[in-house]
Structures are given as structure tokens and as C-alpha cells.
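Chains as they are written, first to last, in this note's numbering: chain A, 295 to 490; chain B, 6 to 533.
The set of hints was computed from the structure by calculation and includes no laboratory data. Worth double-checking, as some hints may not be accurate.
[Stated by the list, open to error] The calculated label-pair distances, taken between Cβ atoms and stated as ranges, are:
#1 B:V410 with A:D441: 45 to 55 Å
#2 B:E132 with A:E390: 20 to 30 Å
#3 B:R191 with A:D361: 44 to 54 Å
We put the beta carbon where it would ideally sit given N, CA and C, even for glycine.
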Amino acid sequence: MATVNVVRVERNTHPGIYPILLGLKITFMNMIRTLFMGQSATIQFPEQKRVSSGRYRGIHLLTAREDGTPKCVACYMCATACPAECIYIEAGERPEKSIEKYPTRFEIDLLRCVYCGFCVDACPEEAIMMSRENDLVGTTRAELIIDRDRLMERGKLAEYGPGYRPTDHDVRRPVRIAALERLKKEHGIVPGMPHR
Amino acid sequence: MPKFTIDGKEIEVAAGTTVIQAALAAGIHIPHFCWHPDLAVDGNCRMCLVEVEKMPKLQIACNTQVAEGMVVRTNSDKAAQAHRTTLEFLLVNHPIDCPVCDQAGECYLQDQYMDHGLHESNVEIEEKVRKRKVVDLGPIMLDAERCVLCSRCIRFEREVTATNSFEFSNRGNQMQIGTFQNQPIRHDYAGNLADVCPVGALLSHDFRFKMRVWFLKEHESVCPGCSTGCNIHVDERDGETQRLRPRRNVEVNKSWMCDPGRKLYKDIAVTTRISGARLKRPAGWEGVAVTAALDEVGSWIKGSGNTVAFVASPQATNEDLFAFKALADCVGGLLDFRVGDPQLKLHERIDGVLQRADRNPNTQGALDLGLGKDGVAEILKRCASGSVRALVLQGPELLRSPEAVDALAKVPFIAVFATHEGPELEHAHAVLPLSLWAEVEGTFTNYQRRVQRIRKAVSAPGDARPGWELASGLLQRAGGSLPAQSAREVFARLQATVPGYAGLDYKIIGSGGRALQTAEPAAVEARA
């Protein structure tokens, strides 16, 4: 029969009042911090609002041109990219021949939206971007389908500051770079003018 | 029959075939802009360059005929580089306004840039040559900046419509297409210009900014506008038809379609569609269930023999006509379809291109099925004499014809299958909701006696049903039966009884249709 060596740990089974005081010290320190030093973890929402990241994906806004018309050209890229299919666009004729097209209707169903930011990534004009606003309140469903004019108004307010807008990290580039690499690897083709 | 090798595949083609045609038949896609299967070869875009062994320079595939023992490479380094450089050259002055261009998604430039180009542009947007944009040419919008100068539109105007509206003007990088003094296109085939244009230079005014094409689902069908029976695609999104466009069929319409035909989609989703059955009561119209309406009509026609008359419609499919004839035969009533003698105009052409004077898609089918029996004049005569108790109409044509009004007023009960509301329906006593051509499966027989399939693209509104279903419902109430659950099964019964259609089924008819044996081919040719 084999012998089993059992290690016995000496526990202090009678620690006295000391650990309780230790715990209370933490509690009281937090109380003092919260009450007197203004280091509370909670905030007085909605009067107070938490600062969020510059890439926060909140409710969308449509940007405007200098003359106040929408920058959007109704190319439907956002509606195509949208996984929730919450964007509805109707295009119309714009008087300027250089631009031609603009949205006569542009609606986002904020209740269907999953706030993934794909619409912002897909936009070739930086016409749609996201704000940092996240408190979505309404009394009817219809109220939360926001139309073109409300999306534009929100752009003027921008109370929370702009949110997600992929300007300096162009998301289209990695896709193109990957496509070029694949072309070179699989077909040995380097696009561009022939190099001699 | 020369034999040649293309990309390692050895194929045999008919003498005189060009490399691009042979490649297409072998399933190899050679990039091209100016070549079109139904237009003359022009060879100006230089996109289809291929490497031919023992030839010092690259050859254009569209204008090189296949010769015995030829070895062609479409994807060799030399050819691929030629495709890239040509494409870059074509894109030098292109405005790259894909976001606002309706062609995006079906644009040759986009497709070929993704397949063969992927180059960085060496020309800044500001350096590009500006040309005319948003020029309204009636049914067509012209944007000269997007043009690749392939001359397809010029050749279409010259060869198909013989109108010669388009021509190039200026030279070099100022070269552009246009019509004289921007005059609008006036012929009935303008829509084809937008189809023929490989890029977004010519676009349809009707489809402008309506929908991005990648949302559309296409369904093969046949145009119901006249007896020519052009093969078409019905493009639909979420059950809403957005446009009709031609589908290539060398035997019928090549790649073309007329503008009146293109506009037919506008009748599909309108508020005047009939979505439920109704019966005329002393107090006025009463909406009822379709089965109740069928019961009512059935009670009038059951066992009435030749006091009932049936008028079929050449707008209906062969399946509908077959079921309608079975109904008429079962009751023993009078039967005809020739309201306004459509068969006289069956082969008469309106213009030299596609349109025919008979605006019904299936007059030939109705003749083949033997629906021209007692004569509409005879039916009207009996109506006027008061010996017709009930009249069943497969379409509202008879109600619309002014000479029938007096005779119809003497008929105690008129039932009509109808798709759209109209003032003529006031003469009827029962209206049964009928599905439109885009909402049913079926076949049409065109003026050439070519049986072609139409397919369901969108759903019918409300309770509307296909014509054969309504007719077989009445047939049941009249004591007969048509044991079929679908248009396909009706057609299976049809081919068993109608001479000439024997042995056909939907699979054999396929997407291109199937020509029937013509009884007197010489006579038909002479009339055409």
C-alpha cells in the first residue's frame, strides 16, 4: 500500500475583527471618494453624459454641402452594404449637371439598425457618418424612422461631436490591396502601365 | 469546318466564324466593347486583342476569322497586358461617376476593370477632358463623358432602325457622339440604345435613378405586346417590376425590343388592378369570394347548352385557352375569340423591325387550339335575338367593342375575367379577378408558330388567379373536370390533344422557345 503525503495548511481560524475593518476601510474610502471627491462611477444621466470615443457608432447624420443641400448622391452604396436593410432611398434629379443625383427620400429605421457602421464605410462621398449620440427615445415606432431632413438637422447640432467616420483609415484600401496581391499571386499580373 | 485551339481547348466551328464568336460558344469570355452579336463588326475599341500563334502582332478577336490549325491565347501575358493598356486608355477621360451612373452594376468598364485592369489611374480627375453631360434626347439621356466611342449606337441606328440619328463629332480626345442639334430620338426602338451602350453614355430616361441594377432579380418571359413575342427579362425587386429588357433570341427578336413593349410593366402594379371577385346586385356591386362568384357563374352555365356563349381572349396563355375551351366544350356553348378579327393582322407589320399589327400575344395559339369556332358575329346575333342566357368572357375585349353594346344589353348575365378596372366592366354582371402575364406560368404561340414560355415574376394582387384556374373552377361547377394543379400540368394535357403541340413540355420549350411545324410555310412567308 502506497503512502499519501497530505500537506496541511495552517489557517488562521480566529482572525478577530481585523479583516472586517480592512473591508470597511475600502467601503468608507469609496464613500468618501463618491460623496466628497467627486470620483463617482455613476453619472447623473441624462443631465450628464459620458464622454465616448471619437469612433463611437451612434445615430447617423447626413452631411451637407456649402449651400446646405445634402452631400449624398443617392448611390445606394449604404443601402447595399447594410446588413439590417434599414436604409431606404429614393433618388431624384438635381439641377446641377455636375452632380445630377440626390436623395429625395432618405430614411433610416433606427429600430432595425444594428449600428455596425458599414454604411459609413461604404459611402464614397462621406455623406453619411455617425454621431456619438446614443439615447434613442420615441413614443411610436414611426418616430424612430428618421428621414432626410432630420438626418441633416442632426448634422448641424452634432452636440456630442462626430462619431465614426473612416477618414484617416480608409477602409477601402485594404480591400484593394488584397485584390492586387491576389492578382499578383494567382495570375502573376502587376496592374498598371507595362514596365520595361 | 476549321478546327482550332483556344486557351488549350480544341474546338471545331463553322467556316467564317470569328474568334470572339467561337470563344463565346466555348464559354471563354473575351473582353470587348464595340462588338455586339447582332451588329456588324467594327473593330474600333481594340479591347478584344488576342495572341495568335505565328502572327507577329496581336489580333482583334471580333474581326479575325477562325482558320484551320489556328492557336489562340486569350489570357497570355501579352494579351492580358494589351487588355490592361487598352482599358487604361479608354478610361483616360472617363469621369468615374459610378455613384450617380445608372449603368453601374452592368457596366462593361466596371466589369473589365475588375477582371483585367485594377491599375492606378495616371490622370487626375481635374485633367480629364470635359464633355457634354445630362443631354436629354427624349427617351434617352446622353452623357458624352462616359462614352468609350464604340459606335454601337451608330451601327444600331444604321442597321436596325435605319434612322442614322447618331454620329461622331470632333476628333481626338474631343471626339463625342451626339444627334444633330441634340434632336430627340423619335423612333420606337430608343430603349435598345441604352441596352446596346456598354457603358453609361446612353441611359433610359424611364429607368433613370429608379433603382440600382444589383437589387433586381431577372425572370425570363415573353413580351405580351404583339404577336411577335419578343423574348424579354422581367426585372423585379421585392415583387415590384422595375423594367423590361430584351433577351437575345436570334429566331425572334435578336437583341431588340420596342419601346411600347418596354412600357407594359407599368400596367402590372397599378391601383386599377382587380384584386377580388364581385357580383352585380340590384343595389350595386358586391364584393364576394372568388369561389362564391364561380358558384354564381356556374349556376348560370350548368347544363345550359347552346344558350351560353363563350368568348376567349388572345391575350390569354395557351393553358388558359385550353381550359376555357374545355369549359365551353363541356357546357356545349358557342365559342370564339376573334373580336375585331386579330388573325387578319397576325403577320402584318407596323414597321420594318419588330412590331406587328395584331396587339395580342397569342392569336396563333388560339387558332391552333381551335377556339375560332362559331364566329363572334354569330354570337352577337344570337345575343341580339335574346337566345343567349349567359355570356362568359375571358377578357374584356368584347365589352369594349362599340358594335357589341346593343347585343350585350339583351344578355341577362355576363361574366368577365378581368385584370384592370374599366368603364366597360359596368356592362358585366360578374367580374372575376385575373392574373396578368407577369404573374403566371404559361406559354404563348407567336406569329411564327413558335411556342414560348412566360414565367411568374411577381405575385398577383389579392385574389387574382390565372385564367386556367378560373376556367377549371367553372368547369368543375358545370360538371366537368380538368385534373391539373399547375400550368405545367395543363400544358401536359394540352399537348396530348392539340395536334402540332404533341410531345412538347416546358423543359423542351426551354428558354428559347420551340418552333412548331407550319402547315403551309410558303403562305406564311408570303404574308409576313
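To see whether the hints hold, each was checked on the structure:
At roughly 51 Å, the beta-carbon separation of V410 of chain B and D441 of chain A lies within the given 45 to 55 Å, and the hint holds. E132 of chain B and E390 of chain A have their C-beta atoms about 21 Å apart, which keeps the hinted 20 to 30 Å range intact. For R191 of chain B paired with D361 of chain A, a C-beta distance near 38 Å fails the hint of 44 to 54 Å.
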